[in-house]
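Asker: The chain contents come next:
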Amino acid sequence: MTRPEQRERLSRRTFLRGAIASSAAPALMASRAAAQPASRTALDEWVVAVSEDITTIDPLVEAGGAIRWMVSYHICEPLVGYEGPSFEAVPRLAESWKYSSDTTLELKLRRNVKFHNGDPFTAEDVLYTYEAHRSDPKLGSGYVFDPVEKFEAVDSHTIRIVTRTPVASLLPNMAAVFLVVPKVRRTMGPEAFRRHPIGTGMYRVAKDWARDQPVELQANDAYWGGPPSPKRLQFRFIREASTRVAELQRGTIHVAENVPLAQLPLVKRGNTDVVVMKGSRIIVHEFNLMREPFSNLKVRQAVNFAIDRDVVVKNVLQGYGLPHVGVFAPGWLGYSTDLQPYTFNPQRAKQLLAEAGHPNGIEFEWQITEGVFQKDREIAEAVAAQLKQAGITARLRVTERATVFSNHASGNFSVVPVQWPGTPDPDRYLQWLFVRPKGVSDSKETEPIRQLMEEGRRIIDPEKRAQKYRELSRLAYERALLLFTHVQDELYGIDRRTGWSPYPVRGIAVHHWYALHPALKR
Amino acid sequence: VLQSVPALVGVTLVVFLLLHASGDPADLMLPPEATEADRQAFRRAHGLDRPLHVQYGLFVWHTVRGDLGRSFTYGDPALEVLLRRLPATVELALASTALALLVGVPCGVIAAFRRNSIADYLIMLGASLGQSVAGFWLGLVLIMLLSVQLGVLPASGRGTLAQLVLPALTLGTWLMALLARLTRSSMLEVLRSDYITTAYAKGLATRAVVLRHALKNALIPIVTVLGVSLSYQMGGAVVVETVFNWPGLGTLTFDSVLRRDYPVVLVIVLFVGLVFVAVNLLIDILYSLMDPRIRVGSPA
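As given, the protein sequences belong to chains A and B, one line each in that order. Per my numbering, residue 5 is the first one in the first sequence, and the count goes up by one each step. Per my numbering, residue 496 is the first one in the second sequence, and the count goes up by one each step.
None of these hints come from the bench; they were simulated from the model. A couple of the hints might just be wrong.
Computed from the model, here is a short list of chain A residues facing chain B with C-beta under 10 Å [to be verified]:
{"no.": "1", "residue": "Gly144"}
{"no.": "2", "residue": "Phe368"}
{"no.": "3", "residue": "Lys468"}
Which bits of chain B does chain A cover? Going by a derived footprint, with three or more residues having C-beta under 8 Å, they are [stated by the list, open to error]:
{"no.": "4", "region": "517-526"}
{"no.": "5", "region": "645-652"}
Ideal placement from N, C-alpha and C gives every residue a C-beta, glycine not left out.
Taking the hints into account, I'd like the entire structure generated from these sequences.
Answerer: Spelled out as structure tokens, the structure:
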């Protein structure tokens, strides 16, 4: 990963070059698409069917849901984006940045950028957005801004952020939630702004938006990075996967998110196809370390040795996933390939159980979800059957997601699933795994993990920081603190004429982007 | 109508307690990255940090004063969220019921009149299938056939008349089948009555006997079923709204429960309760219009 200091004084041309080089994989995919000019011009308007309700498109409105971030990301921009498969920091509204000390970050803002309404973009807009976040705890961005001591404008195009302690995750976390909104929002009022948000992004709102209606966007031809394609972009919420696929086959939508595996044969023919974002969502299961029998290391290892991950990925997920090794997934800060994986070995598992004082095996309750992730129930059933071979009985209990969340937090579980999409910074994911849940956070086993988290949070240099997380991942993996299963691919159905493939943009589940990146156009 | 007040209080209380028994809106509304302090602030902002009985008491107090709270998800008044979805639900319910009546009742009459004929067997076979088929499956098959293969009707969404056809058909099928069977058996019973024999004896045409004498009396159980079927329409609507992406109350209810959007769920519960009370009242009135013997106070 590039050192932030090197980003200083980047011209637009070097940015474009850098972006091309740094995101080689999507660039390759996109250039393949660009090699078919007919298909590129064939569709000027794309309709994207999303699988979750779009609750708002104003980035400063309290409301859950990840999809809205993805939609907003097309209208408004962060200062620095984390894009591509390996979290590369990419200049967006800040053209360069540097740490003058471990606690002081200075960002130079791009000049001559205009909002969709023609207002010039200046530091005042950044301050306005920051204040909005600070004053509204319901936005849930306290984790980003709590450590900030001072957030100030040095001049019209320079922002200085001073933190109380070194906070390595500040910039990546800001990329996830800090979408810059013009100060004119204050005079427009939130109601008017909600219908017609204004940003600096590649797309502007084409038509006032109302709830339960599609979001209609049109290309911002004055975009600082050059006009994007397609010219028009529409986001439509279609809840049911089969309906998304049917509309795709009819040609009324052009990209369908979240295609279930069962529908693949339908999508992979005619004018439609499937594209994949590899390994983008971690699905892992948390042991209650304060409960018998999982307080015992050997029991946890036994469970992990009794799972045949390759079979799960190959047979249940039809290859659309990866066996999960270590705490992270490929592309994450701290991911490493040199861990010794738990290979399927029921004999070894039995032996470990016997050594742990369970010669007759163990039994536990496993809270699982159904229909929330690809094949979640089927995977749990397959794994339970494998565990059985080692004398481990998992009683599966399908549990509603809201209950899974609260049980996880309160420690009311033996084994419970956790999912995490690719985010720009690992810190909050680790918080969710090792700090939030009772039964995990109060275990001595996780003390060294939390120590490493604390250290990692203070190391600004990404390479040195990654080293800490590699150490953490190894420790958590070897101590079998989690029940590791798989990392899930995201599947999209596309109309072949779009030539689209997902370009990862990391944020709160903002993990893809529909516009073809302007930097990748030539 | 006053009798319904305790029922509504009871229903909202039960729903309130069940919802609060599991899940925390702060987990569902805030991003998973949010800190515990963020979550606390969220709970405080929505009054979720207070004891349960205080929360329920406040809900009742505010409701009496006409304030039904704001949706956690949308930030809008909960009543507004409901009213936004209501037209779609009413439209679908009316269309599917009308379709069921227009097809189901005549089919039942024909089957009764042509008892044990091919027509009767076909209609009854259709009715059995119609009642047993799963709405979800039927909806998808209709989309596959009429929308993807033949391309004659849109697959989802709301706005045009064409978009109403498939959802109404899917939702109406069960009721249509039920009405056909019910009309048939009810007609058969009526046709055995003495006054039908009398009607024939005085030389009336079959058409007049059926429409003026038989059907009118056979309709009484059908009206009852229409009232009861309302609950089915509400439940079945979740499935149909999901398949056809119909922006109605069914999916709003479903989502609001999953998201623990308490104000919206409670508004819907109150509303549905009121609708049931109103429909039952309406049916009682219809009875007395159709059958003077049922009129309150008059000797049977």
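Asker: A separate judgement is required for each hint: does it hold in the structure or not?
Answerer: Taking the hints in turn, this is what the structure says about them:
1. Gly144: Constraint on glycine 144 of chain A satisfied, holds at 4 Å.
2. Phe368: violated, 21 Å
3. Lys468: violated, 23 Å
4. 517-526: As far as the region 517-526 of chain B goes, the hint holds, because 8 residues have Cβ atoms under 8 Å from chain A.
5. 645-652: holds (count 4)
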